[in-house]
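As they're listed, the protein sequences go chains A and B.
The numbering used here applies: residue 4 is where the first sequence begins, and numbers increase by one.
The numbering used here applies: residue 4 is where the second sequence begins, and numbers increase by one.
I should point out that these hints are in silico values taken from the structure, not numbers from a laboratory.
Treat the hints with care, since some could be wrong.
Residues of chain A clear of chain B, computed beta-carbon distances all greater than 12 Å [stated by the list, open to error]:
no.: 1; residue: GLU32
no.: 2; residue: PHE73
no.: 3; residue: ASP94
no.: 4; residue: LEU116
no.: 5; residue: ALA197
no.: 6; residue: THR208
no.: 7; residue: GLU244
no.: 8; residue: SER273
no.: 9; residue: VAL292
no.: 10; residue: GLN341
no.: 11; residue: ALA379
no.: 12; residue: TYR401
no.: 13; residue: THR611
no.: 14; residue: LEU618
no.: 15; residue: LYS620
no.: 16; residue: GLY703
Which chain B residues face chain A? A few, computed with CB under 10 Å, are given here [said to hold, decoys possible]:
no.: 17; residue: ARG90
no.: 18; residue: SER166
no.: 19; residue: ILE192
no.: 20; residue: VAL334
no.: 21; residue: GLN349
no.: 22; residue: ALA387
no.: 23; residue: PRO557
Chain A is faced by these chain B residues, among others (derived, beta-carbon under 7 Å) [to be verified]:
no.: 24; residue: PRO312
no.: 25; residue: PRO315
no.: 26; residue: ASP371
no.: 27; residue: PRO376
Beta carbons: idealized from backbone N, C-alpha and C, even for Gly.
There are 2 protein chains.
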Amino acid sequence: MNNIRYYKLLFFLLITCFKSYGQEINWTEVLPGVWKGVVGKPESYNLLTAAGVTPRSEAIRKLSNTSFPFVMADVYGGTVDGKTYLRFPLDSLEQLFGFGLHFQSVHQRGKILRLHVDHYGGVDNGRTHAPTPFYVSSNGYGVFINSARYLDVYAGSAVRKDSKHPPQAKDRNVDKTWTARPYSDAVEILVPAAGVEFYVFGGPTPLDAVRRFNLFNGGGVLPPRWGLGFTQRVQRLYNAEEVEEEVKAFEQRGYPLDFVGLEPGWQSKSYPCTFEWDPKRFPNPEALVQRLLKKGVRINLWTNPYVSPASPIFKEIKPFTSSHTVWVGLVPDLMMAQARNTLFSQWQRSQVDIGISGYKIDEVDGGDHYLWPDVASFPSGYAAEQMRQTYGVLMQRYSTGLYRKENKRTYGLIRGSNAGAVSFPYVIYNDYYKHEDFITALVNSGFAGVLWTPEVRASKSEEEWLRRFQSTIFSPMAMINAWASGTKPWSFPDVEAHVKEAALLRMRMMPYWYSEFAKYHFEGTPPFRAMNLEEGFTLGESKKVVTNDLEKNPYAEAYHREIKDQYMAGEYLLVAPMFTGQTSREVLLPKGNWYDFYTGAYVGNGETITATPGLDKIPVYVKDGGIIPFMPPLLHAPKAGEQVAIEVRHYGKKNGEYDLYEDDGESYDYENGEYSFRKIKVERGKEGNWEGWIAPPEKGKPNTIEKVTFKFMTP
Amino acid sequence: MNNIRYYKLLFFLLITCFKSYGQEINWTEVLPGVWKGVVGKPESYNLLTAAGVTPRSEAIRKLSNTSFPFVMADVYGGTVDGKTYLRFPLDSLEQLFGFGLHFQSVHQRGKILRLHVDHYGGVDNGRTHAPTPFYVSSNGYGVFINSARYLDVYAGSAVRKDSKHPPQAKDRNVDKTWTARPYSDAVEILVPAAGVEFYVFGGPTPLDAVRRFNLFNGGGVLPPRWGLGFTQRVQRLYNAEEVEEEVKAFEQRGYPLDFVGLEPGWQSKSYPCTFEWDPKRFPNPEALVQRLLKKGVRINLWTNPYVSPASPIFKEIKPFTSSHTVWVGLVPDLMMAQARNTLFSQWQRSQVDIGISGYKIDEVDGGDHYLWPDVASFPSGYAAEQMRQTYGVLMQRYSTGLYRKENKRTYGLIRGSNAGAVSFPYVIYNDYYKHEDFITALVNSGFAGVLWTPEVRASKSEEEWLRRFQSTIFSPMAMINAWASGTKPWSFPDVEAHVKEAALLRMRMMPYWYSEFAKYHFEGTPPFRAMNLEEGFTLGESKKVVTNDLEKNPYAEAYHREIKDQYMAGEYLLVAPMFTGQTSREVLLPKGNWYDFYTGAYVGNGETITATPGLDKIPVYVKDGGIIPFMPPLLHAPKAGEQVAIEVRHYGKKNGEYDLYEDDGESYDYENGEYSFRKIKVERGKEGNWEGWIAPPEKGKPNTIEKVTFKFMTP
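Model the full structure from these sequences, guided by the hints.
Pasting the structure below:
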């Protein structure tokens, strides 16, 4: 045999293999427990550069040490024909969460997803308002693909010929253990670019990985305190008088109201938008804003970014807009300073400068027909796909900038987001409006680095109205969105008392919500999150064939049980919403003792209980040793400098500890250290009685507490 | 001003613009009325090369002359960053059809589609069994993008800033004519490759454009005559005895049966497949095949292409398979001769050589989980995406080859197809099973260059059973697919007589079906097609807002009326299936007189009639002057050389003409001229009575007609 020819061929084959399969991943530990991998030549534009965020490195360094969470060599990355292929290993018992804001499922292992910013269309296929390319493993780590492209994800669905853990081929003819989805040992991702950077976030727990991801993205948002009050969005064509009437009605009836949202009718023309006040409906907007501000009520404005030919900025912005229009409106190229300056100057002049407190930014997600197509071009040269994946992020970034430069916080609504936007003060909403699925979105929001509101719009019955209302109270934004329906909290008189009670509960819990958001910012812990992130939560894997009728289920598909209708709210609360038609529901409690939020009574430990709360209550449970700080049922959030009385509630048998957050509630001064966490402790005294203690205010720091009382809920 | 610098800049800008927008399209008229456009560097692998078809140039040349159907300069094509952008003009009143086998809609203008081979998932979004990138305009032309990539289509949905026919921006606040979908004057298509070839097919009618497309793709399939009889697929684990019992039962009960389908149980292991007979269930398959053939009953075998480790070809084929498996089975790389030879030699040896007449090729469409992922690689170097778009085409091509080399026709079932496969003898089916949507698929199949069967599986009631059965009789493949249910035609005794009547009607109409398929092959006219291709069919455009409730319809979306539940079957028949629960239905008749198929009575002209056919009949109407040739209700298709009596039925007041097709019914000899169309005429005689005439048989050509009688249905 001709040895030289043989070795030449061997060399050629090796080179060829390397070309396709052997590309090296360039690994760096960029921060403790945060590893960056680089394959090929990553694009300079990605989710992090779009958002322009700075990692909260100091906070990441404070987290416990952790080592790389799996065998690094089991990660594969390579580029072929301008596309990048990534592969991450999976253990046999691992479960996966994340990959964006899903509405119907929590467990993502086995899914095939195309991560694509879009209005949610009723199927968890990756098309959603925030298709964050970040997943979390039950083994205690997270993986983030930092790409502004549509990503194809095979989350443990694909089986390779050369798998290290190959499943066995089975004979469906006679083998009852045959499955349509054989075991897969990898997550595989297709990135349509000739390189990409990705990050592995260590644990040791899944929640630690989520914290690292959030802190790496700049930390969670800390809303202004008023953002956590109650908000009402008025009917779309209300004029100034009608808005003031509505605000007055809230006051007279004793309902809390922190900000009121104006819908398209505030603009002289909308869909596309002028970004100008309609002179008939709003003849003197500045006076309106000021009158409401005096009452402690702010205004938030609906808009979308598409520029009407009737807008004063139309001519100026036109050269810096996309080739395609949305509702015949121009699409500002937000990657061009000229477009940003023109658009946001108009917002500032006409709205921010007269005291408008924030925005609801609509239709940056898609629904395909309500967005530019992928064939559009942008003068900055960025692809339509990249713009679509990040447009919501850019809108959040630059609109927040309007407030940041005045050292004021804002809090608004957005319909498209992505990784990178973790620190932006926006809550996602949509038109989908299924109560059950809205709760599943809340569960998933904690994996996606976003906030989500299960807003209330209209209802078919007082029961539905109340049940939805109770859910929105335990969410990042407590809101009625009456843009189309014109509903008010008192629209269903039979349940009005319960609605009011819930709205006031929202206000009373403000110290808790505000402190929990501060922990989102400083420590990365999502205030609303899945049970799967809670210590002691276990769910016996129960795989079940949906139906054995092959006419209905030709591939005998099985499904995994998952918990998608209850969630953790802040450190101590477990919320289990009731849905229309239910008089009872099951609640799966993690290990440890749990107590009823309303009565303090023991309810169970690591078991499934049945809740029968009656129509007036949403089931909420508190962890053993849990502490919830309350304030009086004010109708508006305390202003900067205003002090309120605090009632500290303690639950269970364990001693309790809590970090109560204080700052001015309105500015960014907390970024310069103008804040404190005041320690609260509840312990058994010498005689076995409960004793409560709170640390004194830190010198020179904001002190928002008037006096403190303690209430020991569990005897 | 510095002129040189100015011109330098101008030159630079021009170059830059040209790079993005100015690329030329290279146009050629490749055949009369068929124009090819080339942009950039098209990939060498495309739908036509995958299928390896030869255009029927002579047949195209016979069509009437036509000029380029719109302003050629209005077509735009350019490549940017490795992607190709295409744009075709749209008139304001134009309607579009096609873009593949949709199940719920016929009108495609305004749609956004991603053409992607997949199991149909319940939404017309471009993911379907045959996402043929071909559209037909009501203005009388067609456009075909010859690409084996996933294509993003904006079918008149995107509005450009520089549109020549810009819609007006409107103020939704007060203008009731505001629409969520402003007028768009173009079809835009994104091809993820640095070049593409496309074809424009001229008319003058939409049906002419369809004919040109079909002929360009090699002409429609001409099935063997037995393919147009009745077929029963038996329960999946039937053994040889049970199969013979079933065949005997058909015979004894007097039901027609031309071929019987064996489901996975014929193989020793399946999902993945061994391609070997199971020795217990089928100890002597050759003897079984021969015994059935003697009775005039053929066998068709279910399979998918995924190779079990227990298959005798596993080792040999392994190097020529994909990186990823399907149900742990190897995926043959059909672009490698080694894979094809290994796979199809096994089929030939074990099945074709013993007399198996065809295949049902399953799971080449996707459902994503039941296919290789897009991250898979193939040793031939073709991308997973290209393989997915063409795998069904390749399977059809090479399995047909097994029969072609023996000069035998085959007729089978396939679940994934595309352009290029027009001439392959396969009918598409799936698991979706909604009767109404199955009819819409039949309507759309004629635009997609494919055949579709609304097969009968199981039913919840005798009414459903009968209604589905009646539909399958008027389709390319009259079939019960009892793989899961084990149903028989007589499973619902209360309607058995009507089922039998329908099955025998199928046989009696065989001369018509066979002649109409011959016209598909020789002239390109789809035997089953939309009303929109029928002359005289008009549908007043009625746009209607779905609901004014903004809670349910936030963008006040409107919909267009379309006819998707009736279709043309062959030259003369209009079929309007009944669905479960209906006792009457509306039928929209094209202009011209129409007559009842069963009685010959006049029913209407260019109007909407109400059909109340009773349970025993499916509404069918015949065009004025229509001729339908019948034969006796045989239980099996006539064999090669067998002669049958023909009863020619004439309908209406007009004289009639018909081309009755004759060949041997089984071989490819018709490709060498061994066929004839015999002219039939029905005219008023001198005394006003009807007179019928048939041309004598052509010398030396097959003569399949024993004697001819005439029946004048309308007095």
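Here is what the structure says about each hint:
In this structure GLU32(A) is separated from chain B by more than 12 Å, as the shortest Cβ-Cβ distance comes to about 27 Å. Every Cβ of chain B is farther than 12 Å from the Cβ of PHE73(A); the closest lies at roughly 19 Å, confirming the non-interface assignment. Against the 12 Å criterion, ASP94(A) stays outside the reach of chain B, whose nearest CB is about 19 Å from its own CB. A beta-carbon of chain B is positioned within 12 Å of the beta-carbon of LEU116(A); the least distance is around 10 Å.
Against chain B, the non-interface label of ALA197(A) is violated: not every CB pair exceeds 12 Å, the least being about 10 Å. Remark: the non-interface label on THR208(A) is consistent with the geometry, its nearest Cβ contact in chain B lying 30 Å away (cut-off 12 Å). The beta carbon of GLU244(A) sits about 17 Å from the closest Cβ of chain B, which is more than 12 Å, so the claim that it is off the interface holds. With a least beta-carbon separation of about 5 Å from chain B, SER273(A) fails to lie farther than 12 Å from that chain, contradicting its non-interface assignment.
Against the 12 Å criterion, VAL292(A) stays outside the reach of chain B, whose nearest CB is about 20 Å from its own CB. No Cβ of chain B approaches the Cβ of GLN341(A) within 12 Å, the least distance being about 16 Å, so the stated non-interface status holds. The beta carbon of ALA379(A) is not kept farther than 12 Å from every beta carbon of chain B, the shortest such distance being approximately 7 Å. Distance to chain B confirms TYR401(A) as a non-interface residue, since its nearest Cβ pair spans about 22 Å, more than 12 Å.
Under the 12 Å C-beta cut-off, the non-interface status given to THR611(A) relative to chain B holds; the minimum distance is some 31 Å. At the 12 Å boundary, the C-beta of LEU618(A) stays outside the reach of chain B, the nearest C-beta of that chain being 23 Å off. Residue placement check: LYS620(A) keeps its beta carbon more than 12 Å from all beta carbons of chain B (closest about 27 Å). Distance check on GLY703(A): its Cβ is at least 50 Å (rounded) from any Cβ of chain B, clearing the 12 Å threshold; non-interface status holds.
Given hint, ARG90(B) at the interface with chain A, holds; its Cβ is 8 Å from that chain's nearest Cβ, closer than 10 Å. A least Cβ separation of about 8 Å between SER166(B) and chain A falls short of the 10 Å threshold, and the interface hint therefore holds. For the restraint placing ILE192(B) at the interface with chain A, the shortest Cβ-Cβ distance is roughly 7 Å, inside the 10 Å limit, so the hint holds. Satisfaction of the interface hint for VAL334(B) is found here, the shortest Cβ-Cβ separation to chain A being roughly 9 Å, below the 10 Å cut-off.
Interface hint at GLN349(B): violated, since its Cβ lies 17 Å from the closest Cβ of chain A, which is beyond the 10 Å cut-off. For ALA387(B), the suggested interface contact is upheld, since its CB lies about 9 Å from the closest CB of chain A, less than 10 Å. This hint holds: PRO557(B) has a C-beta 5 Å from the nearest C-beta of chain A, less than the 10 Å allowed. Because the closest C-beta pair between PRO312(B) and chain A is about 5 Å apart, less than 7 Å, the hint holds.
Look at PRO315(B): its Cβ only gets to about 14 Å from chain A, farther than 7 Å, so that hint breaks. Given the 7 Å rule on beta carbons, the hint for ASP371(B) holds: about 5 Å separates it from the nearest Cβ of chain A. Because the beta carbon of PRO376(B) sits about 4 Å from the nearest beta carbon in chain A, less than 7 Å, this interface hint is met.
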